[in-house]
Amino acid sequence: MKSWIRFALLGVGVAALTFSLASAGDDDEKSPDSTAGALALLSDRQQQAVGIVVGRPVAALAPDHIDALGVVLDATLLQSDLGESAAAAAAEHSASAEMLRLRALFDGGAGASRKMLEAAQAEHAKTQAEAELTAARLSLHWAPLLALAPESRQQIIATVMSGRGLLVRADLPGRHSIGSLPAKALLDVDGVQVAGRVLGMLRQTNESQSVALLIEIQRGPTGLAAGARVPISLLTAQRPGMLLPRDAVLYDENGAYVYKQRAGQADGKLLYAPVRVKLLMSYGQGWLVDGVDADDDIVIRGAGVLWSLQGVGTPAPDDD
Numbered sequence: 001m002k003s004w005i006r007f008a009l010l011g012v013g014v015a016a017l018t019f020s021l022a023s024a025g026d027d028d029e030k031s032p033d034s035t036a037g038a039l040a041l042l043s044d045r046q047q048q049a050v051g052i053v054v055g056r057p058v059a060a061l062a063p064d065h066i067d068a069l070g071v072v073l074d075a076t077l078l079q080s081d082l083g084e085s086a087a088a089a090a091a092e093h094s095a096s097a098e099m100l101r102l103r104a105l106f107d108g109g110a111g112a113s114r115k116m117l118e119a120a121q122a123e124h125a126k127t128q129a130e131a132e133l134t135a136a137r138l139s140l141h142w143a144p145l146l147a148l149a150p151e152s153r154q155q156i157i158a159t160v161m162s163g164r165g166l167l168v169r170a171d172l173p174g175r176h177s178i179g180s181l182p183a184k185a186l187l188d189v190d191g192v193q194v195a196g197r198v199l200g201m202l203r204q205t206n207e208s209q210s211v212a213l214l215i216e217i218q219r220g221p222t223g224l225a226a227g228a229r230v231p232i233s234l235l236t237a238q239r240p241g242m243l244l245p246r247d248a249v250l251y252d253e254n255g256a257y258v259y260k261q262r263a264g265q266a267d268g269k270l271l272y273a274p275v276r277v278k279l280l281m282s283y284g285q286g287w288l289v290d291g292v293d294a295d296d297d298i299v300i301r302g303a304g305v306l307w308s309l310q311g312v313g314t315p316a317p318d319d320d
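Going by the working numbering, the sequence shown opens with residue 1, and the numbers climb by one from there.
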């Protein structure tokens, strides 16, 4: 019984508020100087009845982001390139030692012919070319990894080879350059945000022919394996703005706006006016916007009620 009474009282409050707004609209038609047509007028009791909550924006620094497409790399490719490079370097070292030994014997006139020395020189030239080729291939595929300090590089390689970590290639479709490396990367794995560390820029393109980055994932979710493709957000320099909840922001054919509580009252009622804002980026459970100040009183809950009570034709929001 009490619930029914509360529901009836809420209906009466909404009806009274609708009548108040309709009356304000009539006054606006009678008086061209009246601002009631662009404002919503509510008493304290009406505001509480329809669930309107007012709060102030919070100044925030949010990192901007670049959308990328990631693919988890096969660790055996890294192992193969490292093995080939190490084997080629060892072969070149052995051929160089043999050539130097035969040259010393030949120069000393003891047990080495010119033909043997020339054959050793040819073998050394061959192994040297192979070592340079494998080193260039390793650098082409894994340049950011090779640029790390030896201790850090070995730690990442050991983690990836053991399966505890992952390396991900992040392609930026449509881009062939990037001004500065993003600070962090966030992989979207089935709705779960997985943090990654950007190691650097890769030197080899793929079929997308776009700039690509190498990202380290220290411990990925179970099931994320080589070949998996996931969307990635690359977080860049921080952008300043005012943070508002999503419920505070409305949108019409002219863009985004919020309801601002005006200073002072009219006939004992609070004044609410729509104000245009610029959406900078989605951040957490809210929006980073431009167009309001830290001391503005913004409707952070119940903005849709103001819109619905004013009818489908929302008044043109102010620009200030």
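Just so you know, the hints here were simulated from the structure itself, not pulled from any lab data.
Check before you lean on any hint, since a few could be wrong.
Unchecked claim - Here are the in silico distance ranges between beta carbons for each label pair:
(1) 105 with 200: 41 to 49 Å
(2) 180 with 108: 57 to 65 Å
(3) 119 with 181: 46 to 54 Å
(4) 219 with 139: 26 to 34 Å
(5) 200 with 231: 38 to 46 Å
(6) 188 with 132: 52 to 60 Å
(7) 225 with 200: 17 to 25 Å
(8) 82 with 205: 20 to 28 Å
(9) 237 with 122: 20 to 28 Å
(10) 222 with 121: 49 to 57 Å
(11) 67 with 200: 15 to 23 Å
(12) 222 with 155: 17 to 25 Å
(13) 222 with 116: 39 to 47 Å
Backbone N, C-alpha and C fix where the C-beta goes; we use that ideal spot for every residue, glycine too.
ask   = Which of the numbered hints are not met once you compare them with the structure shown?
value = The structure breaks hints 5, 6, 9, 13; every other hint is satisfied.
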